[in-house]
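Enquirer: This is what each chain is made of:
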Amino acid sequence: MKKLTNNVWFKCISFLLILSALLSGILAVLNTVLFVPPEERTERALQKIYGEAKTIDDIVLDVDNGDEAYTLTDCGKINKIYKIGNDTLYQAVGEKGFKNGTVTLWINVSLKDGKLVISKVVLDSSVGQSFIGSLSAAFFDGFLVDVTESYEKGKFTANPLLKDNADVNFNPVSGASNSGNAACNAVNTVLHYINQGGAK
Amino acid sequence: MKTNFKKIATDGVITNNPTLKLVLGTCPTLALTTAAMNGIGMGAAVTFVLICSNLIISLLRKVIPNQVRIPAFVLIIATFVTIVRLALDKLLPSIYESLGLYLPLIVVNCIILARAESFASKNSPIASVADGLFMGIGFTLALTLMGAFREILGAGKIFGITLWDFKIGFFSSSAGAFFTYALFIAIFSLVAGTIKTHKKKKATVTTEPKEEVIEEKEAE
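Here the protein sequences come in this chain order: A and B.
For the first sequence, this note's numbering begins at 1 and goes up steadily by one.
For the second sequence, this note's numbering begins at 1 and goes up steadily by one.
Because the hints were derived from the structure by calculation, they are not lab data.
These numbers were taken from a predicted model, which means no experiment stands behind them.
A hint or two may mislead.
Stated by the list, open to error - Between beta-carbon pairs, the in silico distance windows are:
1) 108/B with 11/A: 22 to 28 Å
2) 198/B with 20/A: 49 to 55 Å
3) 16/B with 3/A: 44 to 50 Å
Built from N, CA and C at the ideal position, the CB exists for glycine as well.
In isolation and in its complexed conformation, chain A is listed as follows:
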């Protein structure tokens, strides 16, 4: 036993294990104290989108409540749909970003003069998109279209190879063309959902 405790490698491994256990304990406590609940995240998102606190009137879909996400193969999925006054707010995840990563957007659809329009698109988060910061507010403003009029081919694209199949073509963003495409896919999923007769 004494031989084992004097062994250098035993000491090294023991030290690392004790250190890991101590630090994990500290992090576990801090994680409990500093945890941001999903409700607070939603409130933050609403503040970011509308610039003021808003109340959700109805939850049509929410994966956090156990609902199944609306999925469009090879394009994206909708995780949340909230009814806020006359608006419908979608949280959509666009696929096929840089290195097959994703871009998550909040997309607000409003009814204006009898027409269904995308009135605001705000970036929520992204996975593996190093240059997501290159997508400016002007880029997201490109999605603000009349949904009913522009939905002939049913697509936005930032990929020049797919421009013949799209209603709205974006100029590829330098350094973030794939991230831009994932953002387009998030909006395309929402357009598809609306076209299929989803919540309007």
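Following the hints, position chain B against chain A.
Expert: Okay, now just chain B, sitting in the frame of chain A:
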């Protein structure tokens, strides 16, 4: 042993400035200096991690086995980076979002590991905390100045406040980041070199008469 705080301070901020002299932590320097506020946010996060990790490593320097010192340093640094992430996400979500991917990457920031290995593991806790603080200040200053330069020229703003409509898009791009970094290193080296030469000349002038006196004495 008495701690020379003046030397630690000048080392961290000027003589061995981590960004402009040692050219460490270039990844966040190039990626995040699009705005001055990003520089302050990143600099504050790195300073916090530097101070805390230096303190703990210095306190444990006689306990940490030499063979596993690097994994132990990384464990300690990663813990403080996680604490910064949790705190920023809870308390300052806008800064947390703007730093994005580069916040967890502080774990592999060369400045922190380099200070742990070369300073904190060999010096007292007080000196190590001072070293972390001044290295952090040096890093923050460099990032904020570069961020302000790029924000003014690239977006016509400073700390988000619009100054004018004139913009040079190049400075907001990746190429602009490299250009700005090179420009700042050149200016820093030029200024530091001039000061060094001036000091050397001054020292030579003051020592010359003494040499003459010695020569005279030897002749006698």
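Enquirer: None of the hints should be skipped; say for each whether it holds.
Expert: Hints, verified against the model:
1. 108/B with 11/A: 22 to 28 Å: The hinted range 22 to 28 Å holds for residue 108/B and residue 11/A, with Cβ atoms some 27 Å apart.
2. 198/B with 20/A: 49 to 55 Å: Holds - the Cβ-Cβ distance for residue 198/B and residue 20/A, about 51 Å, lies within 49 to 55 Å.
3. 16/B with 3/A: 44 to 50 Å: Between residue 16/B and residue 3/A, where Cβ atoms are some 45 Å apart, the hint holds.
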